[in-house]
Amino acid sequence: MTISLNYIFKRIILALCVIVGIVVFSYVLILATPGDPAVKWAGNPRGPGATRAVQLAREELGLDKPIYVQVAIFMYNFFTGNLGSSIAYKGLPVVQAIITSFMSTFELTLIAYIISVPIALYLGLYSALKRGGIFDSIIQPASVVLASTPTYWLATLLLLAFTISKISVYGTASPRLIAETEFNTITGSYLLDSILQGNVRVFVDSLLRMIPPALAISVYPIGALTRLVRVLVAESLLEDYVKASIALGVERGIIIRHFVVRSIIPSLVQISGLSFTYSLIDAMVVESIFGRRGLGSLLISALNTADFKIAITLIAFIAIFYIIVNTLVDILQAIIDPRVRL
Amino acid sequence: MKPLRTIYIVLLAVFILVIILIALLTMLHQPPRSKIVVYAYNDDITGIDPSLEDDTGLVVLGSIYETLTYYNYTTGKVEPRLALSWESSEDGKEWIFHLRRDVVFHDGTPFNATAVKMSIERARDIYRETGRGAGYIWDAVDEIIVVDEYTVKFKLKYPQKLDLLASASYAAYIFSPSALEKSGASSIYDKALEDWFNKGNAIGTGPYKLVSYDPTREIRLEKFNKWWGWSVVNNPYAPDVVIIKIVKEPPAQYHGLLAGEIDIACSVPRTTIRDLVEKGFKVINVSTFHNFVLFFNTKRYPTNISYFRLAIAYALNLTEIVQVAVYGFALEASGVIPHGFPGHVEGLKYNHNLETSKKYLEFSGVKMPIKIELLYQVDYEETRKFAELFKSRMSELGIEVELNPQDWARLKDIAKGVWTSPESTPHLILADWWPTMPSPFDYLYAMFHSESKEWNFAGYENPEFDSLIEEALTLEGVNYTRALELYKDAQILLFEEAVAVGLWDEIRPFTYSSRIEMPQEALNPMYTFVIRFELVSVRS
Amino acid sequence: MIRRSFIILRRSLRKIRFKIGIVISLVAIFLAILAPYIVPHPQEGLGYVPRDVEARRLLPPSIEHIFGTDSLGRDLFSRVIMGTRTALLQVFIVITISFLLGLLLGAIAAYLRGLVEVLLNYFTEIFMAMPTIVIALVLRLTLGHGIHVTISSLIMTWWAWYARIAYVYARGVVELDYVILARLAGLHSLKILHRHIVPNIIQPLIAQAITDLGSVLLEAAAINFLGLGVQPGYPEWGVILYESVFYGGGVEVFTQAPWLIVFPGIFLLLVTLGFSLIGDCLREEIDPRLRRRWRLWF
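In the order they appear, the protein sequences are chains R, L and F. 0 is the number of the first residue of the first sequence in numbering that gives the first Met the number 0; add one for each residue after it. 0 is the number of the first residue of the second sequence in numbering that gives the first Met the number 0; add one for each residue after it. 0 is the number of the first residue of the third sequence in numbering that gives the first Met the number 0; add one for each residue after it.
Incorrect hints may have been included.
Using 20 Å as the maximum straight-line C-alpha spacing, the simulated DMTMM-like pairs for lysine to aspartate or glutamate come out as follows [unchecked claim]:
hint	chain 1	residue 1	chain 2	residue 2
1	L	K190	R	E58
2	L	K358	L	E495
3	L	K34	R	E181
4	L	K278	L	E516
5	L	K34	R	E179
6	L	K222	R	E181
7	L	K348	L	E495
8	L	K390	F	D51
9	L	K190	R	E59
10	R	K9	F	E116
11	L	K116	L	D101
12	F	K14	R	E181
With the Cβ distance kept under 10 Å, some of the chain F side facing chain L (calculated, not the full set) [to be verified]:
hint	residue
13	G46
14	V48
15	P49
16	R56
17	S70
18	L140
19	G171
20	Y177
21	G226
22	Q230
23	G232
24	V244
25	Q255
Honestly, the hints are just simulated from the structure, not real lab data. Values in this document were obtained by computation on a predicted structure and should not be read as measured data. Here a beta-carbon is modelled for each residue, glycine too, at the ideal position from N, C-alpha and C.
Please work from the sequences and hints to get the whole structure.
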């Protein structure tokens, strides 16, 4: 179980290098796209002096400097958290915009995973225990189907169903309710904000509204994780110590709870973590279907208005999140399974 | 595993029960203490600086600030607002405005000539310095003199119809000088003031004041009880609180209306209007000054040949286009200036005639089949539908159309290229426009003047046209009728050369619930999307 | 190697899942090839708007229009069936190119070691961390609309997976005794690569490729669904969904024409399912060891 600090250190350094690489890559990618942030920064001027205004704006944004200087400046600002105000919304700091949007998407995906992980655990476990039985022969193909379903399609169907039944599920919370109860957005996560402000009605409203999109997002993890659990449990049942405990007559329940479940938890957590980042992207798509404000809508606004600050930071943010999860998972896996060392 | 499973299921059940209980309890809420109106607007707010804002911020500005005069779109004349009366000299170069008395700003400071001078100078000077904002409407203003507390004199470099200009939807708002102190800015030109405004602060004279500002979610306004106009409007049922909620998706606005979460929606899907009316909602159709124009790249083959352009113009079936792309919610355009706007000319429509079109094609000498590129916006469903329709119809003439959909920012970037690299700029560009100032110059200059390199997507360079509209601008202040005639001549030039084809003038339906009453006057095409909430009555 | 493949195929064929997957895939390929000939309105399938738009908009499924019509009057059945062609095209191009690129780069990196190895690891990490949809968003802005955007953005993210797998397995092979011997004997590098390394790593890569067919299809449709790739009017399942949700303000679909969502989605699901089933079975047979490498499947 000994793992050298050296290894952790190496992993972290690698992660940092990759993050730097991502930021550079994103910067070049975004700046290569057509669209002029300077125009938006200047306020979309329409009069005769428009050209001059745009030129001034370009200088303010530092876009007239050579590209490597731009990248260096941006990198510095990025790591010191000093990104200034966004181009798309004057007066709104970039960092604030990204964090509030992220919280919204994050809470949605989190709810989806709170729903799906226990379900997957239960289904996978029983499917493996009753291998070959009726339960298993339904669950196994069902999980493949679930994992093959396009999330956005399902989201659209759900929206359709709710629309027909006249229940309002659009957006994150009812506008009137927000108005009546003087609700303010603090962190961007409506659940958290409503708790912080003691606003029960908005809490309930936003929670209920979160259910259809969360259901859509949870379908893929349920399918994929069930398959995973099934295989892991089947494998762990073949382990010597499990066979021994069966032979020794240990009670079935205890075997399952103590040996099997305990042994698969690490792998399950790892894979759930990785799959979570994948689902974040899914969530961004589902959000736009349900008209919720979050990373998806922010990214689209940012690219629409050529707001490179938000766009690059956002892309870097997502990628960094992914890298962090990966690194943690790697370190975890290295701790548990010393054979795996890249 | 059994005990674990039972615990989990029981916990889940309890959790769900608790949620349901709370939900039920909250349904028995008391009616709100104040009258609230929720207005769904379909775009993010780009900023609320009264002198510099040039874009969607208008929605908010129009309710919290006021201009000196107000444009009445039915009569085409301006009415008193912050100014009670005005007169101009013979040569149109001197204007005197008499201001309304007993008007206060939201923070209690008095409204007077100093505030007017400060606000207008700020708009004008920042424009002159940096080219930002719509301050060019004040470009003719040389000097602003505070004659006394309620009288302002304007000295102009050239004659202008200043009372008309003062009613503009941008750069003409009066803010309080106390904003300087509150923002900690050293002068009105200090960036700190602009930042202070855009962070969500406002001190205007309007019937509503700004309480909270989140440009991507909602903006909250509260009734300003000391507004001068309450006695005039005489509406005790006006809302106490107005929420401008950003709802970008039309279906969301539709659902919001149905669910009672939104009271007024500016952009429900047009196909749902009939359904809403049946359910008891009301609609006001506003003939906006928002129009869509198809520009021809006059610097690239084959659209540089006027016969080719005319051929396409006559092949367009505006009736079909309006029906299919806009579901009938538009007027077929006549020229590039929309219906109801000063300077609009009737009869500048190319009557759909495929025979004429084919003849022009022959004259043009362009060999079929030919491939041309259409650049259009993805942001509007109308433009996307138009593009697909256009492509199918042109193929019947032997013209293959390559579609190039872009978002607005990209489109502008690409379209501007007509001046630097016309050979790689698309042949046709579909763009939309709405006015800043109530003068045809706004449209004609921006779209077709040879100096307007940011917005002249046709790459049109005609000195005759340029001088026509320049002359007309100065004539506005002296002989308005003659000025309009010159504008008409300029448009006829455009028509004969088919530089651009006006496609449709948008009719925007505003849908609202029967919970409120909204008169037609609450909406004004000059101030697109602004709702005069002081005229709205909350009944329930 | 060939014998082994046969064994794997035979064993897979015993499973019902595999057989269902093969059937679905074959039907899909069949439809894709024959689409323009078996479809009632091939022109509309390609996006042409019919003359009598008004009369034909949003018709429910009938004998004349088996799946109904869309918001511009085009026959949905034609569009969906012809969409099979686009779907398979996208998937095969993306996978083939990513596969070849990844195989090449991974094998070379493992063989050459040193700086090349480090660089490859570095770049694969960066590219794997980039979400495909974001890349598609950006590419669309630079390249304009079109299927090339979908394909390019997918290749840009997927090659890294294959490179990583190829690298991992090639590393294992490179340290085998006979490969070391071959090098010492002065055998030409390319020959070593070709004869020894590639054959040993190709099987897990192929397994991965086949499993990925489903995921790539879903992602490609997702990119088109967001309007980032193909233009509206094109025969592609994702973009038909895009038209239903984001056109006509989306409400048209829900209240008047749910068939526009149902049919393309079902096709997407079925074809993805078919591919996934095949991939699953093959993977199980090829290398039970692979089950440990769960990370690679995500």
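Results for each hint:
no., hint, in the structure
1, K190/L x E58/R, "15 Å, holds"
2, K358/L x E495/L, "16 Å, holds"
3, K34/L x E181/R, "13 Å, holds"
4, K278/L x E516/L, "16 Å, holds"
5, K34/L x E179/R, "9 Å, holds"
6, K222/L x E181/R, "15 Å, holds"
7, K348/L x E495/L, "11 Å, holds"
8, K390/L x D51/F, "15 Å, holds"
9, K190/L x E59/R, "12 Å, holds"
10, K9/R x E116/F, "16 Å, holds"
11, K116/L x D101/L, "18 Å, holds"
12, K14/F x E181/R, "60 Å, violated"
13, G46, "7 Å, holds"
14, V48, "4 Å, holds"
15, P49, "8 Å, holds"
16, R56, "9 Å, holds"
17, S70, "8 Å, holds"
18, L140, "6 Å, holds"
19, G171, "38 Å, violated"
20, Y177, "49 Å, violated"
21, G226, "7 Å, holds"
22, Q230, "6 Å, holds"
23, G232, "5 Å, holds"
24, V244, "8 Å, holds"
25, Q255, "8 Å, holds"
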